[in-house]
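Undergrad: Since chain D is already given, all that's left is putting chain H on it; use the hints.
Just so you know, the protein sequences line up as chains D and H, in that order.
full-length UniProt numbering numbers the first residue of the first sequence as 1 and each following residue consecutively.
full-length UniProt numbering numbers the first residue of the second sequence as 1 and each following residue consecutively.
Mixed in with the good hints there might be a few duds.
Once the Cα atoms are required to be at most 25 Å apart in a straight line, the calculated DSS-like pairs of lysine-lysine come out as [as the list claims (entries may be wrong)]: (1) 68/D <-> 58/D; (2) 87/H <-> 65/D; (3) 187/H <-> 68/D; (4) 223/H <-> 18/H; (5) 58/D <-> 18/H.
Quick caveat, the hints were computed from the structure, so don't treat them as lab data.
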Amino acid sequence: MSTVTETKPAPPRAAKRQASVLFDAPGPKARMRHNILTLISAIVILAIIYVVVARFDKEGQLQGKLWKPFIEVSTWSDYILPGIGGTLKAALAGAVLALLFGVLFGLGRMSDHRWIRIPAGAVVEFFRAIPLLILIFFVFSGPPTIANALNREFPEVTAFTALVISLMLYNGSVLAEIFRAGINAVPRGQSEAAYAIGLRKSGVMRLILIPQATTAMMPAIVSQLVVLLKDSALGWIISYEDLLNTGYRQIPTQYGNLIPAAIVIALIYIAMNLALSYLATWLEKRSRRSRKSAAKPIDVSTVPGAGLTGEAPGMPSA
Amino acid sequence: MNWNVLLDFSPLADNSDKLLSAFWANIRISVTVGILSLVLGTLITAMRVSPVRVLRVAGAFYVNTLRNTPLTLVLLFCSLGLSDTLKFRISHTPSINFFWLAVLGMSVYTAAFVAESLRAGINTVPMGQAEAARAIGLTFTQSLRMVIMPQAFRAVIAPLGSVMIAMIKNTTVVLVASYYEAASLMKDMFEQYGATLPIFIGFAVGFMCLTLPTGFFFNWLAKRMAVVR
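Bound-form chain D, shown alone:
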């Protein structure tokens, strides 16, 4: 601990000179070197682009007729828009259910009763440790098989239901850990003060901890929802009619334009995810600006606790 008064960081004297942790502000020699490096790297990057485009051209992937379907209204209205609708429908339903699941099990894991805490923890850790794909397979075909063998009636699980339930279980478990970390990130003094003024356990949680934790958790929650949106593409494997399925199975079957389809579909996914990520960044800035919360924004990658299978920020399972 230093007793020296903290001095404010010196105002940037010259804006054009920027030193980073790794590189000092460049002098004339270094600037020359950087210019040469810029030239070389530009040439290398252009060469890579040229090789890729040449390959596309050689296999005839740049022909206009392969790209033309994407400027036709019918392609969009028959395939791409319903596909986006399917993806968003699954992602939205999954997100809502996962948030509920996360709150329930996140709170359950913090319960004072051991008979709630331990089962909730086991469920969360189990679903976090297994791949989403095998969960989807089991939810898709497991319940009918089991019900049949036990002589019970069970309606067939649709691809949509299987996908949404699996997304809920997997992402809900990750969200449960985020919630727990968020609540734990509120300094202990806050709940101690709340108890001291006579609030009960539920009041402390509802009035003190949750409002402050929400601010801190928001960015982590939104990045997990990006993951969920991307994970919904796994619906391809059980033939759910999502963007990947309509755009990358049905369109190429019709027009034989696999490469252009892949590029267009990828761009749509990227646009959707970037929109969500910008929302996350905006929320993070906002939560940092309003200093109402005593809790620091939490980072998904550093979610502590028994969670041994932590998720990286935005690292999806698919």
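TA: Chain H only, in chain D's frame:
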């Protein structure tokens, strides 16, 4: 009533050799992808923190593209697009070809996340450390080697561990790139024996045997190497 669907573990025991070889495929892919994605991720990070603007932009483009594309699409592009349409074949033996295509797809995808963690690690090193290193006259390589990298590397272990665990779980998606591994085997066993609970539990435990120790290891390493600030 037929309780076998809930209690009968014999399908797993009967197919133990297949199980082992299927999980061995996942382990093989994980290890190869782990190494390749670390190499590629380091390269991308070097680009993203370099003083050359063109490289920074290219690195950011790479990371943003791959990070926001579903892995399913990346792998499908590798199998259907690269191999079948563009005739880009790594080997003439189909199984080897699909193995390397799956590894390629997963590596380029995972590298984007590795690059993000590495960059975040470098950003945790306070500016004052670098300034102090320059002030005592260390050259660029010296300050990198003795001051910045040791600190950045330690901060990176835990996030990198999460990336690797997610990568191990992601190896199931290579199913779409026509490579046979544990998830494909589970699907086949579901078709053969019906989707029973014991089969699912068996595969889930199999994956937990891969992910949990990896998590323990990285957690232990991160705690051991943590920098106290």
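Undergrad: Each hint should be assessed against the structure and marked as holding or not.
TA: Going through the hints against the structure:
| no. | hint | verdict |
| --- | --- | --- |
| 1 | 68/D <-> 58/D | 19 Å, holds |
| 2 | 87/H <-> 65/D | 20 Å, holds |
| 3 | 187/H <-> 68/D | 38 Å, violated |
| 4 | 223/H <-> 18/H | 38 Å, violated |
| 5 | 58/D <-> 18/H | 41 Å, violated |
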